[in-house]
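**Q** Work from the hints to combine the two standalone chains into their complex.
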Amino acid sequence: MNAVETLNPTNLAQALKAKANKNVVAVAGGTDLLVRLHDRITQPWPKLLILENVKELHKITVTKTAITIGPSMTFSEIENSAILRKKALQLVTAAASAGSVQIRNRATIGGNIANGSPAGDTIPPLYVLEAILELSSAKGKRTVPIEKFFTGPGKTVLKPTELITAIKIPNRSNHGFFMRLATRKALAISKVSVAVNIIMNKSKVESAKIALGAVAPTVIRATLTEEYLRGKEINQAIIDEAARIVQDEARPIDDIRSLAIYRKEMVGVLLKRGLESVTTNG
Amino acid sequence: MIIKFKLNGKNVAIEAPGGERLIDLLRERLNLVGTKEGCGKGECGACTVLLDNKPVCSCLILAAQVNGRNVMTIEGVESDARLRAVQEAFVEAGSVQCGFCTPGMILSAAALLRANPKPSRDEIKRALSGNLCRCTGYEKIFDAVELASHKIMKKAASK
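Quick mapping for you: the protein sequence lines, in order, are chains H and G. So for the first sequence, my numbering puts the first residue at 16; every next one is plus one. So for the second sequence, my numbering puts the first residue at 1482; every next one is plus one.
No lab work stands behind these hints: they were computed from the structure. Ideal placement from N, C-alpha and C gives every residue a C-beta, glycine not left out. Honestly, I wouldn't trust all of these hints.
To be verified - With beta-carbon atoms standing in for the labels, derived distance ranges: (1) G/Arg1550 <-> H/Gly167: 33 to 41 Å; (2) G/Cys1616 <-> H/Ala81: 30 to 38 Å; (3) G/Glu1604 <-> H/Asp270: 29 to 37 Å; (4) H/Thr176 <-> G/Glu1573: 56 to 64 Å; (5) H/Gln58 <-> G/His1631: 48 to 56 Å; (6) H/Asn216 <-> G/Pro1598: 56 to 64 Å; (7) G/Pro1598 <-> H/Thr176: 33 to 41 Å; (8) H/Ile253 <-> G/Pro1598: 44 to 52 Å; (9) H/Asn186 <-> G/Arg1602: 31 to 39 Å; (10) H/Ala97 <-> G/Arg1602: 22 to 30 Å; (11) H/Ala97 <-> G/Lys1640: 31 to 39 Å.
Isolated chain G, as found in the complex (with noise of 0.2 Å):
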């Protein structure tokens, strides 16, 4: 089947099996490898990827299932400034060891910022709780959520 859906804002169609997995469609198809696969199944958060502005595991979601809905995946950083402030703070915090849980984690706490611009410590760990990091121990990706928070509410009150 032909699958249309919108993809880090701009209008994707490709012909696709519908039950071929999104995080394949975005992978093999649609060359975006920013996306990783962890588990694949659903353990890990590495695949991570927002449908409609809500984090969802890419290995768990078919491609039938995104036929008309919106999108965004790590490559979208370069057309959306929350993901980008979230970005420069896992930069700025010191986040990233080995790097394969980052585009996840981004994702997950952009996701979280939209709906609560000034989340909690525990707020933060209950939304990252899907996303797990071998490497870093946590403390610094909580810290880069605080971080990107101060960024994005400061941006918003000097505009």
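One chain only, chain H, in its complex shape (with noise of 0.2 Å):
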């Protein structure tokens, strides 16, 4: 093993100070990162940021308008939260279905997202929560809606001197699902992922976000399926159709998990069977 030292900040200030050096990389549950570094064993390894004791990433803040969700925060932590049970429910049943016990207990949202994998369980529900990052290094913070922080498998617009250090959603009640599918339940990447937020007035849709995983090279967003949506009144025929049009808004590849033709055909199917959901519940 390649083992190296590591550097081992305290607190928020030190971990961006220690950033600054831009071929640092950032370890928060490691439950990806340390994959990739089993994999080159003839390569050093480099020098590694442990943010495990920067309590400032690792909590949940609420106010009236905002829930603020701290990077480091685990996908079991995500799981178990009240107020994100209430009001993120599609993330939370993300978080719930995503990787084993062992992962979810170190997994994080922050390395989920810096990660930047089309199929990344947390992201599709992060989208149509319209969630915003904030982006730190020593030298100050910007804001990045989460649409505009991919640009492509694994590529992000977060600088190598940056560290996510927050992840904020609006604090409001939220209707919808998130829907994947994988080889097995445990342990397996999503095939297909699709993640909805419906908002109605009476029987009718007002707005609906709908995202999709694992189908582009980066999460995408089906506007011609939510633009479809708006103002009907949800029976099977709008259902069926709705499925038939997400179904053409998917520009899914053949790779090792899966093949374009059958994802086409599983991002309808998931759309069907959450939208079906949803309407019956209420």
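**A** This is the structure:
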């Protein structure tokens, strides 16, 4: 093993100062990073910045208008958060369905975002919940809407000297779902995922936000399907048509996990199942 | 750096690089070889240990990350009544074949029973879904967790 010494900040100011060296790699839960390092036996490991003890990054704060999730919050903590269970069920469902107990106890939401995988399970929920990311460096901070954060598979606008320091979602009631499909229920990366946030005005859809995971170079919004659903009263015919439209919005590829043709079809199936469950549960 | 943490109830301080994997720290420096390395990528659960009572893969944790924390390995069976009850149930239910997954299974099961003393069969399956067994077909492992639950509840009731 290429074990190296690590940088071990105990507060955010120290962490940002250490990250000013752009060759330093930040480690949150490490559940993706250590898998990648495991495979590079012949190359030296980079200098690792351990975020474990930076308490500022590991909490949820709630105001009247916003819920701010610290990037070091683990999937297990998100799954069990009372406020998120009430206000962000899509995110809770996604966190609860990823990996295994062992992985969820370590994997963090900030790491899931920074990794930039189009199959990252917390990302579609954050799209439909309109999350804003706070990115900080030793020089200051900026905010970026989550949809502007990703530029390609594993590629983001995060600069080498920056850390994600907060994930902010509006504090309001949300209605919708998250669904995923993978080779098996545990410990499998999503082949397809769909997150929906829907606002109803009496029996009609006032607005629907739909995000699709693992079917394009980044997570994408299904804007044509959203537009189609606006103002409609949801019934089986409308659901079937929405499921047909959404298939054409997906731009999947064939890879080791699945085939493009299957993914397209399954995007429709997941949207259909989700919309049916939302409408039958009121 | 010097890594200080509680290991199976005892304070430990040991010199190791902060970037060393916990499994290497346990097996190579502390000679605790009950923790097994299967895939080394967090997919099989053979290397499961408890970090502050929660199951984690010791192949995906660095020494620096356990500094100041509480780690329990299968060797903790000597000092932990719940772990011992689960271990006995595994023997009684015939849940062990090659034994490679057993330490991780027992730790995951003990963590489940700590949080949820009377889990349903489905809750047991979900709790153990990160621990692969290639011999048993899992049924006897699930039986053992149910048996351990009964034993622990019975013991608590008789106190």
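**Q** Any of the earlier hints contradicted here, and which numbers?
**A** 2, 6 and 7
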